[in-house]
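Chain by chain, the residues run as shown.
Protein chains: 2
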Amino acid sequence: MLEDKNPQRTSLEELGEFGLIDHLTQHFELKQPSSLVGVGDDAAVMDFKDKKVVVSTDMLVEGVHFDLSYMPLKHLGYKSVMVNLSDIYAMNAMATQITISIAVSNRFPLEALEEFYEGVALACKLYNVDLVGGDTTSSNKGMIISVTAIGSAEESKIAYRKGSKPNDLLVVTGDLGGAYLGLQVLEREKEVYKVNPKSQPDLEPYSYLVERQLKPEARKDMVELLEKLEVKPTSMIDISDGLSSEILHLCKHGGVGCNLFEDKIPLDPSVISTCEEFKMDSTMIALGGGEDYELLFTIDQADFPKIKGNPNLTVIGHMTEKSEGVHLITRAETKIPITAQGWNSFKP
Amino acid sequence: MLEDKNPQRTSLEELGEFGLIDHLTQHFELKQPSSLVGVGDDAAVMDFKDKKVVVSTDMLVEGVHFDLSYMPLKHLGYKSVMVNLSDIYAMNAMATQITISIAVSNRFPLEALEEFYEGVALACKLYNVDLVGGDTTSSNKGMIISVTAIGSAEESKIAYRKGSKPNDLLVVTGDLGGAYLGLQVLEREKEVYKVNPKSQPDLEPYSYLVERQLKPEARKDMVELLEKLEVKPTSMIDISDGLSSEILHLCKHGGVGCNLFEDKIPLDPSVISTCEEFKMDSTMIALGGGEDYELLFTIDQADFPKIKGNPNLTVIGHMTEKSEGVHLITRAETKIPITAQGWNSFKP
Numbered sequence: 001m002l003e004d005k006n007p008q009r010t011s012l013e014e015l016g017e018f019g020l021i022d023h024l025t026q027h028f029e030l031k032q033p034s035s036l037v038g039v040g041d042d043a044a045v046m047d048f049k050d051k052k053v054v055v056s057t058d059m060l061v062e063g064v065h066f067d068l069s070y071m072p073l074k075h076l077g078y079k080s081v082m083v084n085l086s087d088i089y090a091m092n093a094m095a096t097q098i099t100i101s102i103a104v105s106n107r108f109p110l111e112a113l114e115e116f117y118e119g120v121a122l123a124c125k126l127y128n129v130d131l132v133g134g135d136t137t138s139s140n141k142g143m144i145i146s147v148t149a150i151g152s153a154e155e156s157k158i159a160y161r162k163g164s165k166p167n168d169l170l171v172v173t174g175d176l177g178g179a180y181l182g183l184q185v186l187e188r189e190k191e192v193y194k195v196n197p198k199s200q201p202d203l204e205p206y207s208y209l210v211e212r213q214l215k216p217e218a219r220k221d222m223v224e225l226l227e228k229l230e231v232k233p234t235s236m237i238d239i240s241d242g243l244s245s246e247i248l249h250l251c252k253h254g255g256v257g258c259n260l261f262e263d264k265i266p267l268d269p270s271v272i273s274t275c276e277e278f279k280m281d282s283t284m285i286a287l288g289g290g291e292d293y294e295l296l297f298t299i300d301q302a303d304f305p306k307i308k309g310n311p312n313l314t315v316i317g318h319m320t321e322k323s324e325g326v327h328l329i330t331r332a333e334t335k336i337p338i339t340a341q342g343w344n345s346f347k348p
Numbered sequence: 001m002l003e004d005k006n007p008q009r010t011s012l013e014e015l016g017e018f019g020l021i022d023h024l025t026q027h028f029e030l031k032q033p034s035s036l037v038g039v040g041d042d043a044a045v046m047d048f049k050d051k052k053v054v055v056s057t058d059m060l061v062e063g064v065h066f067d068l069s070y071m072p073l074k075h076l077g078y079k080s081v082m083v084n085l086s087d088i089y090a091m092n093a094m095a096t097q098i099t100i101s102i103a104v105s106n107r108f109p110l111e112a113l114e115e116f117y118e119g120v121a122l123a124c125k126l127y128n129v130d131l132v133g134g135d136t137t138s139s140n141k142g143m144i145i146s147v148t149a150i151g152s153a154e155e156s157k158i159a160y161r162k163g164s165k166p167n168d169l170l171v172v173t174g175d176l177g178g179a180y181l182g183l184q185v186l187e188r189e190k191e192v193y194k195v196n197p198k199s200q201p202d203l204e205p206y207s208y209l210v211e212r213q214l215k216p217e218a219r220k221d222m223v224e225l226l227e228k229l230e231v232k233p234t235s236m237i238d239i240s241d242g243l244s245s246e247i248l249h250l251c252k253h254g255g256v257g258c259n260l261f262e263d264k265i266p267l268d269p270s271v272i273s274t275c276e277e278f279k280m281d282s283t284m285i286a287l288g289g290g291e292d293y294e295l296l297f298t299i300d301q302a303d304f305p306k307i308k309g310n311p312n313l314t315v316i317g318h319m320t321e322k323s324e325g326v327h328l329i330t331r332a333e334t335k336i337p338i339t340a341q342g343w344n345s346f347k348p
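Respectively, the protein sequence lines represent chains U and S.
Numbering-wise, the first sequence is residues 1 to 348 according to the UniProt record's numbering.
Numbering-wise, the second sequence is residues 1 to 348 according to the UniProt record's numbering.
Everything labelled a hint here was simulated from the structure, so no lab data went into it.
Among these hints, one or two may not hold up.
For identical chains, the list gives no copy identity; a pair is met inside one copy or between any two copies.
To be verified - Below 27 Å or equal to it, Euclidean Cα-Cα: the simulated DSS-like pairs (lysine-lysine) are:
| hint | residue 1 | residue 2 |
| --- | --- | --- |
| 1 | Lys252 | Lys220 |
| 2 | Lys322 | Lys190 |
| 3 | Lys49 | Lys31 |
| 4 | Lys125 | Lys190 |
| 5 | Lys306 | Lys162 |
| 6 | Lys252 | Lys31 |
| 7 | Lys220 | Lys49 |
| 8 | Lys162 | Lys31 |
| 9 | Lys74 | Lys141 |
| 10 | Lys141 | Lys165 |
| 11 | Lys279 | Lys162 |
| 12 | Lys31 | Lys198 |
| 13 | Lys252 | Lys335 |
| 14 | Lys308 | Lys232 |
| 15 | Lys194 | Lys141 |
| 16 | Lys165 | Lys252 |
| 17 | Lys220 | Lys232 |
| 18 | Lys162 | Lys220 |
| 19 | Lys190 | Lys264 |
| 20 | Lys252 | Lys264 |
| 21 | Lys157 | Lys252 |
| 22 | Lys31 | Lys215 |
| 23 | Lys31 | Lys157 |
| 24 | Lys194 | Lys322 |
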């Protein structure tokens, strides 16, 4: 696929590792006051003054986490950054720097990596983070991406997975299930393409879903909003593996139970209509579908007036005593235990 | 090979990603005062107070950077950490935390990953660094490791690649060429094994070389020694790609030239004898062979009395005006330009 799209190809061998990193990072500037030295020495140097430092890292593997047959490399670069920034925002912290390492087989031309780094650059620009390091090497097969995100926060602002208490409200940003459905749409089109390579997919009705899958946004804006509203979450996590899995994390770390109300779960209209088309249950998709990168957090009830009516924030439940367990309260007012285990990349 | 060695096998699918990370990191404790929160939240949290933060990252790919047919997984875990700590020490900083992400195909049993993490744990213990994060995921083929090392230093202590000036002395720690020769010995034994699987290799005469390759040590001790001797290097780098490549980096960043004296390059007696056996030139091996993870630095001539006679530190040359170029002065007192480009993983 890559071979067909790029008539202009520069082999990676020609550049070598040093030339390659220099070439790919030459247009990246340092803009964060905390970035003292970026790419080009043995290590990057940063100054966070009296703030605490937060660090998170993730690995993305071709064929496991992404499929280059429908994932444009620029989007992949963007998404790789988002996935990691999301973890920093989930601490109620601000992301400031990233490092990116990639391993690619030499079937990838230089132009493909340039496209990937264009996405990285766009993400850095829009989210105001600096690329300060990384590594580029060859792989025997496919592409592997490892991103480390660095951020900072005042100690009193940091929100952990632990910290929620009974009667805290459970709040989610944005809406859920879109990214998973976007993947289903893309997988379906891929199968159609395999049978009939001349078919022209009409993705227009699914544009929101496909964008949620291919070009997710980390919720920096929500961390800023909480700051503005003067709300400090009592606990927080990002939704990478599905709502049920993340709720279980908050309950386990907080030593609490939870009641989640089915009728409160925010769904985009296209999620509802596409679930009908695919004959899927939209609640199950919101609970089990991952990659939405929304923030899930708990707040003290006293803070409710501050968030009330904000279209970006939805109260979907409340925490309980641990002994009450973790339940979904359905529209029919039945109580179903939440037990989902999240996504397991080792399962075939 | 892995299949044969491990009669007891637990498949990774059974545990899933969350269970796996918990299982592998359960015995890791936080010991650094700067580590506030480690594995188990969206991000690790650290407090470096008024020190600057240094971060470096590297990726290691099976079949490119290591060969599991002669690299025990415990050693691989240890070496993966060393490679990254070395970059932190090369800043004249102290390493404090690491994160490790690994992708493995599900042909790897749990016991193999446990062995890998045993090596990581040993490295963390001996070098006093905390494992504070990471990711474990599946790959389609082989094993890929990404390590990010974090450290800290007072700003005035940090040594960069730039900073050397004409007449500064060029100093190297330890001795050179051993790791590369160790690799040659192991590759030779692998070929013998392929032809005759019953042959018993006698690696005893090469034990120093093989250990340099399989279980290198990062020079934390040398950073501590320089502190004790009250020597602040004017520039510093670690030797991962070979002496000539690293000298060129220091010269490029410092805007200087260099005279390197062949007869000063420190070589272990087993490097000299094995070079004779392999009919290789020991100077070329020291110049071009990588992975020694020694430190290469420059000091002001006024600091020479402080390091004089220390068996760990060898003055191998001096910096010059840039216009004089970068040269090896041979034993025969001829001047040869140094042009080596270092290792390029994209070359077949």
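Here is what the structure says about each hint:
| no. | hint | verdict |
| --- | --- | --- |
| 1 | Lys252 - Lys220 | within (25 Å within a copy, 39 Å between copies) |
| 2 | Lys322 - Lys190 | neither (45 Å within a copy, 57 Å between copies) |
| 3 | Lys49 - Lys31 | both (16 Å within a copy, 22 Å between copies) |
| 4 | Lys125 - Lys190 | neither (32 Å within a copy, 49 Å between copies) |
| 5 | Lys306 - Lys162 | within (22 Å within a copy, 52 Å between copies) |
| 6 | Lys252 - Lys31 | between (39 Å within a copy, 25 Å between copies) |
| 7 | Lys220 - Lys49 | both (22 Å within a copy, 25 Å between copies) |
| 8 | Lys162 - Lys31 | between (33 Å within a copy, 21 Å between copies) |
| 9 | Lys74 - Lys141 | both (20 Å within a copy, 24 Å between copies) |
| 10 | Lys141 - Lys165 | neither (47 Å within a copy, 44 Å between copies) |
| 11 | Lys279 - Lys162 | neither (37 Å within a copy, 62 Å between copies) |
| 12 | Lys31 - Lys198 | neither (46 Å within a copy, 60 Å between copies) |
| 13 | Lys252 - Lys335 | within (19 Å within a copy, 68 Å between copies) |
| 14 | Lys308 - Lys232 | within (15 Å within a copy, 58 Å between copies) |
| 15 | Lys194 - Lys141 | both (22 Å within a copy, 24 Å between copies) |
| 16 | Lys165 - Lys252 | within (12 Å within a copy, 57 Å between copies) |
| 17 | Lys220 - Lys232 | within (15 Å within a copy, 41 Å between copies) |
| 18 | Lys162 - Lys220 | within (21 Å within a copy, 36 Å between copies) |
| 19 | Lys190 - Lys264 | neither (34 Å within a copy, 63 Å between copies) |
| 20 | Lys252 - Lys264 | within (22 Å within a copy, 61 Å between copies) |
| 21 | Lys157 - Lys252 | within (21 Å within a copy, 43 Å between copies) |
| 22 | Lys31 - Lys215 | within (24 Å within a copy, 39 Å between copies) |
| 23 | Lys31 - Lys157 | both (23 Å within a copy, 24 Å between copies) |
| 24 | Lys194 - Lys322 | neither (50 Å within a copy, 60 Å between copies) |
In the structure shown, a violation is registered for the earlier hints numbered 2, 4, 10, 11, 12, 19 and 24, in ascending order.
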